[in-house]
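2 protein chains.
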Amino acid sequence: MAVNGTAVRAVTEQLPVRGVGQASLLLGVDLGGSHISAALVDQAGRILQRRKAPTAVEAGPDGIIAGIVELLREVISVSGVTRRELAGIGLGIPGLIDSSRGLSIFSPNLFWHNVQVVRPIEREFNLPTFMDNDVRCATLAEAWYGAGRGVANLICLTIGTGIGSGLMIDGQLVRGATESAGEIGHMTIEKDGPRCNCGNHGCLEALAAGPAIARRAREAIEKGVETVMLAMVGGQPDRLDAAVVTQAARQGDPVAWEIIELAALYLGIGIANYINLVNPELVIIGGGVAQAGELLLAPMRRVVGQRAMKVQAATARVVPARLGEDAGVIGAAALVLERLGEAGPSAV
Amino acid sequence: MAVNGTAVRAVTEQLPVRGVGQASLLLGVDLGGSHISAALVDQAGRILQRRKAPTAVEAGPDGIIAGIVELLREVISVSGVTRRELAGIGLGIPGLIDSSRGLSIFSPNLFWHNVQVVRPIEREFNLPTFMDNDVRCATLAEAWYGAGRGVANLICLTIGTGIGSGLMIDGQLVRGATESAGEIGHMTIEKDGPRCNCGNHGCLEALAAGPAIARRAREAIEKGVETVMLAMVGGQPDRLDAAVVTQAARQGDPVAWEIIELAALYLGIGIANYINLVNPELVIIGGGVAQAGELLLAPMRRVVGQRAMKVQAATARVVPARLGEDAGVIGAAALVLERLGEAGPSAV
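Sequence lines, in order, name chains A and B.
Quick note: the first sequence uses my numbering, first residue 1, plus one each step.
Quick note: the second sequence uses my numbering, first residue 1, plus one each step.
FYI, nobody ran anything at the bench for these hints, they're computed from the structure.
Careful: at least some of the hints might be erroneous.
[Stated by the list, open to error] Below, simulated DMTMM-like cross-link-like pairs (lysine to aspartate or glutamate); rule was C-alpha separation at most 25 Å, straight line:
hint: 1; chain 1: B; residue 1: 191; chain 2: A; residue 2: 294
hint: 2; chain 1: B; residue 1: 191; chain 2: A; residue 2: 190
hint: 3; chain 1: B; residue 1: 310; chain 2: A; residue 2: 192
hint: 4; chain 1: A; residue 1: 191; chain 2: B; residue 2: 98
hint: 5; chain 1: A; residue 1: 52; chain 2: A; residue 2: 70
hint: 6; chain 1: A; residue 1: 52; chain 2: A; residue 2: 42
hint: 7; chain 1: A; residue 1: 310; chain 2: B; residue 2: 192
hint: 8; chain 1: B; residue 1: 191; chain 2: A; residue 2: 258
hint: 9; chain 1: B; residue 1: 191; chain 2: A; residue 2: 192
hint: 10; chain 1: A; residue 1: 310; chain 2: B; residue 2: 179
hint: 11; chain 1: B; residue 1: 191; chain 2: B; residue 2: 258
hint: 12; chain 1: B; residue 1: 191; chain 2: A; residue 2: 261
hint: 13; chain 1: B; residue 1: 223; chain 2: B; residue 2: 238
hint: 14; chain 1: B; residue 1: 310; chain 2: A; residue 2: 261
hint: 15; chain 1: B; residue 1: 223; chain 2: B; residue 2: 192
hint: 16; chain 1: B; residue 1: 223; chain 2: B; residue 2: 190
hint: 17; chain 1: A; residue 1: 191; chain 2: B; residue 2: 192
hint: 18; chain 1: B; residue 1: 191; chain 2: A; residue 2: 219
hint: 19; chain 1: A; residue 1: 191; chain 2: B; residue 2: 258
hint: 20; chain 1: B; residue 1: 310; chain 2: A; residue 2: 179
hint: 21; chain 1: A; residue 1: 310; chain 2: B; residue 2: 98
hint: 22; chain 1: A; residue 1: 191; chain 2: B; residue 2: 261
hint: 23; chain 1: A; residue 1: 191; chain 2: B; residue 2: 190
hint: 24; chain 1: B; residue 1: 310; chain 2: A; residue 2: 98
Work out the full structure, taking the sequences as your base and the hints as a guide.
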């Protein structure tokens with residue numbers, strides 16, 4: 001994968017071969033549909049300083065990029081870090097990207113099409129700047145500093161409004177031929193299943209992401225099934241979300257419990273299919289829906305054990321993510337090391 | 001992945017850094033449940049000499065290994081190649097393997113459990129000897145010398161009695177944490193589908209491999225549906241196989257056609273799921289069932305286009321394999337180069 005040649009050279013010239021010397025700190029940006037996070041991160045993956053602001057989607061690409069610049073300026077200024085201490089900037093961007101050209105090809109949440117993201121930020125700060133998909137950034141963070149430390153072959157799933165994944169093989173992030181690897185959310189699990197936003201039918205995302213969980217709860221209530229969930233949302237079914245269903249299931253509500261079990265079944269099938277193909281040592285489960293914890297993970301593991309081949313199932317532990325919402329911004333910062341050819345935290 | 005350290009050292013000491021010098025020829029062995037193939041192969045993937053013999057499964061591991069040794073001796077003797085011209089031996093073994101220990105862990109077709117394969121052959125010929133899974137060998141051959149030349153990210157499927165695959169990412173074969181990557185045959189496509197030999201339900205293999213295709217033809221005949229297939233097998237439905245169904249479909253038999261289309265639907269879903277995860281440039285289709293050619297490939301491509309995400313579908317061409325049954329033995333030979341750190345045919 002090509003990276004910005006000039007920028008890399010500029011930095012590597014001033015650095016020793018296997019370290020970033022004086023320039024040992026990293027800036028990371030996690031751009032989401034609702035918020036932007038920016039942070040100063042050290043090479044052990046610790047956040048030293050951070051700022052967060054709402055994403056001004058209505059301001060368009062220029063406005064959002066100006067917002068990123070402002071947040072980064074604040075982080076730099078508050079932390080008192082100098083340019084010489086900084087190795088570079090990493091950007092985690094949702095949707096389709098072309099990292100060699102620094103472009104966001106398509107980001108439905110931001111309404112972006114072919115937006116140049118890297119160059120304006122690189123120019124502004126005169127620091128090597130890299131980008132990657134937000135889920136891949138989270139995967140890098142969990143692999144280097146979180147639940148995947150020391151593991152060379154792993155999958156990291158984020159289960160929230162959508163379902164995405166990052167894949168690491170032999171210690172290397174897998175990006176794919178056009179940087180689109182990892183789309184487990186659009187794995188067909190039921191060929192005649194519910195229609196997904198992508199146009200396909202029976203995608204994992206349409207069966208097991210947050211909105212599918214909320215939809216099943218609403219449907220149960222509409223059918224008149226008795227459940228504590230209705231009271232939990234003050235009698236307003238449109239306020240139901242995966243968090244409410246999870247909470248109800250924890251309280252022992254059988255309807256909510258069944259909905260979580262069904263999501264776990266679909267997720268378990270998707271994970272079993274995935275580990276049959278890439279045979280990882282670890283499957284890390286993160287994202288909002290994953291906050292259900294063992295409630296979701298225990299039945300998921302059972303399904304993986306039933307559905308995956310013996311060796312693959314025995315090899316792959318299924319564990320919760322460790323870095324929570326920070327994974328995105330830490331991973332974006334870590335991207336600087338990854339793209340400059342650092343081998344990860346062990347090289348520090 | 002660890003390789004036999006001593007053997008590698010022995011060879012690399014006598015070789016220039018990026019070539020195998022005088023020792024430029026390779027021996028490959030493709031061990032199958034019915035036949036063993038052995039061949040002398042050059043670094044352009046051409047078979048210079050070959051021998052084939054039935055697999056004496058009843059003779060047990062020692063008998064089969066003795067058979068491999070005999071075939072290799074014949075190939076060496078007939079071709080007049082000297083030991084100094086040989087870089088090493090590669091073995092393609094079906095089932096589960098542990099290449100670092102030279103073991104066949106489990107091979108259902110051979111009735112093998114924990115059989116030491118590499119050491120006796122290495123000792124016999126005093127040549128560096130390597131092993132890999134047979135499907136991965138075929139993938140290496142197609143990637144380096146067949147349909148995948150010049151492509152860094154590809155999947156190679158073999159569709160026959162079973163369905164297996166090999167995966168290459170950024171020019172490297174993916175083996176997985178325990179050398180079990182690539183098991184697309186046991187991807188759950190229908191969670192309540194027919195029972196598979198592996199114990200799971202609705203595996204791709206149980207829905208679309210040769211036996212599933214033959215079974216559907218038999219079921220149609222048992223139901224009394226009119227089809228030319230019955231006459232083609234002389235009125236004996238137990239003689240039906242995927243080749244007969246393919247031939248009947250080519251002749252325009254609508255029952256056979258529908259059966260092939262259904263297999264293509266399941267295979268297309270499996271491939272779409274796979275390319276969503278690893279985003280390859282190429283999907284190579286080989287194996288006995290794939291001899292149906294465009295009859296199978298055309299509807300399969302249509303399904304991939306419908307089911308995979310846009311970018312992944314647009315990036316991955318679906319093409320037939322080029323090396324046919326030779327892929328296994330050529331790939332086993334190529335394994336010697338791969339394991340000695342040669343980069344592939346471009347390095348020759």
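Worksheet item: Of the numbered hints stated previously, which ones are contradicted by the structure, given in increasing order?
Response: 4 and 14
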